[in-house]
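Residues per chain, in single letters:
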Amino acid sequence: EDQVTQSPEALRLQEGESSSLNCSYTVSGLRGLFWYRQDPGKGPEFLFTLYSAGEEKEKERLKATLTKKESFLHITAPKPEDSATYLCAVQDYGQNFVFGPGTRLSVLP
Amino acid sequence: NAGVTQTPKFRVLKTGQSMTLLCAQDMNHEYMYWYRQDPGMGLRLIHYSVGEGTTAKGEVPDGYNVSRLKKKQNFLLGLESAAPSQTSVYFCASSYSRAGGPVDTQYFGPGTRLTVL
Numbered sequence: 005e006d007q008v009t010q011s012p013e014a015l016r017l018q019e020g021e022s023s024s025l026n027c028s029y030t031v032s033g034l035r036g037l038f039w040y041r042q043d044p045g046k047g048p049e050f051l052f053t054l055y056s057a058g059e060e061k062e063k064e065r066l067k068a069t070l071t072k073k074e075s076f077l078h079i080t081a082p083k084p085e086d087s088a089t090y091l092c093a094v095q096d097y098g099q100n101f102v103f104g105p106g107t108r109l110s111v112l113p
Numbered sequence: 161n162a163g164v165t166q167t168p169k170f171r172v173l174k175t176g177q178s179m180t181l182l183c184a185q186d187m188n189h190e191y192m193y194w195y196r197q198d199p200g201m202g203l204r205l206i207h208y209s210v211g212e213g214t215t216a217k218g219e220v221p222d223g224y225n226v227s228r229l230k231k232k233q234n235f236l237l238g239l240e241s242a243a244p245s246q247t248s249v250y251f252c253a254s255s256y257s258r259a260g261g262p263v264d265t266q267y268f269g270p271g272t273r274l275t276v277l
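Here the protein sequences line up with chains D and H, keeping their order.
Using my numbering, read the first sequence as starting at 5 and increasing by one per residue.
Using my numbering, read the second sequence as starting at 161 and increasing by one per residue.
Here chain D stands alone, though its shape is the one from the complex (with noise of 0.2 Å):
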């Protein structure tokens, strides 16, 4: 059975403090994994999309990376804007995807 799990559950961070969120998973075969990004009251909202190990994406202050167990979403010099919650999900070839339940992002002025 497919499973992602997200760490931390919550994290605070001040203005330009650098940090990283970790998205664990397990699953029978790996079609892709993806990073979204949700604000309060709002659907998500896609910001990469990672197919093989070794693989990086950049996007501003984002940057995410994958491994064959883990994924990493790094946030450089954060800005309260980048406030919200982030989604990690995994799709396997039964075309099913699982989503993890989030990382809280607050960043502090």
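To be clear, the hints were calculated from the coordinates, so they are not data collected in a lab.
Hints are not guaranteed to be accurate.
Listed below are the simulated SDA-like cross-link pairs for lysine to any residue, each with C-alpha atoms no more than 20 Å apart in a straight line [to be verified]:
#1 D:K61 - H:T265
#2 H:K169 - D:P44
#3 D:K46 - H:G200
#4 H:K217 - H:D186
#5 H:K217 - D:G98
#6 H:K232 - H:A216
Derived Cβ-Cβ restraints for the label pairs, each shown as a range [stated by the list, open to error]:
#7 D:E60 - H:T247: 36 to 42 Å
#8 D:K67 - H:S241: 43 to 49 Å
#9 H:Q177 - D:S56: 44 to 50 Å
#10 D:H78 - H:G238: 39 to 45 Å
#11 D:P113 - H:Q177: 43 to 49 Å
#12 D:G58 - H:A243: 34 to 40 Å
#13 D:E59 - H:T165: 28 to 34 Å
#14 H:G238 - D:G58: 39 to 45 Å
#15 D:A14 - H:F170: 23 to 29 Å
Some, not all, of what chain H presents toward chain D, calculated at C-beta under 8 Å [as the list claims (entries may be wrong)]:
#16 A162
#17 G200
#18 M201
#19 L205
#20 F251
#21 T265
#22 Y267
#23 F268
#24 G269
#25 P270
#26 G271
#27 L274
Backbone N, C-alpha and C define an ideal beta-carbon position, used for all residues, glycine too.
With the hints as your guide, set chain H onto chain D.
Just chain H now, with coordinates in the frame of chain D:
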């Protein structure tokens, strides 16, 4: 280009009542999905569709039915007899799949907040 839209935005039902949630997308995506999101549990897949007239069960399909009729853009989620356990936020998503390749990014709607009393 509106992306993925959902109606209604909010709904309150009494136990045993029925309702249909509508999802529409204007991106000509083949794949469409219905999820529910509950606190601390993440998004869970209810049903999905890989094309017009086809549907399949996800992780938590019990108590729900879906239909993807002639209009490929629409995907309906039905609750025949609502229960308090179905109180949740429901999200629809769509994605495009390149032939022979991995499924592309899922684009999500704004959600429907459903309360069953």
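Now the hints, each set against the structure:
1. D:K61 - H:T265: The hint holds at about 15 Å.
2. H:K169 - D:P44: Holds, because 14 Å separates the two Cα atoms, which is no more than 20 Å.
3. D:K46 - H:G200: holds, 16 Å
4. H:K217 - H:D186: violated, 24 Å
5. H:K217 - D:G98: With a Cα-Cα distance of about 12 Å, the restraint between K217 of chain H and G98 of chain D holds, given a limit of 20 Å.
6. H:K232 - H:A216: holds, 15 Å
7. D:E60 - H:T247: 36 to 42 Å: holds, 40 Å
8. D:K67 - H:S241: 43 to 49 Å: holds, 47 Å
9. H:Q177 - D:S56: 44 to 50 Å: holds, 47 Å
10. D:H78 - H:G238: 39 to 45 Å: Given a distance of about 42 Å, which is inside 39 to 45 Å, the answer is holds.
11. D:P113 - H:Q177: 43 to 49 Å: At 46 Å between Cβs, range holds.
12. D:G58 - H:A243: 34 to 40 Å: violated, 46 Å
13. D:E59 - H:T165: 28 to 34 Å: The hinted range 28 to 34 Å holds for E59 of chain D and T165 of chain H, with Cβ atoms some 32 Å apart.
14. H:G238 - D:G58: 39 to 45 Å: Hint holds: Cβ distance 44 Å, inside 39 to 45 Å.
15. D:A14 - H:F170: 23 to 29 Å: Holds: the Cβ-Cβ distance is about 27 Å, inside 23 to 29 Å.
16. A162: violated, 13 Å
17. G200: With a minimum Cβ separation of about 6 Å from chain D (threshold 8 Å), the hint on G200 of chain H holds.
18. M201: holds, 6 Å
19. L205: Holds. Min distance 6 Å.
20. F251: holds, 5 Å
21. T265: holds, 5 Å
22. Y267: With Cβ-Cβ at 7 Å, under 8 Å, it holds.
23. F268: holds, 3 Å
24. G269: G269 of chain H check passes; min Cβ-Cβ to chain D is 5 Å, inside 8 Å.
25. P270: holds, 5 Å
26. G271: holds, 5 Å
27. L274: Nearest chain D Cβ about 14 Å off; hint violated.
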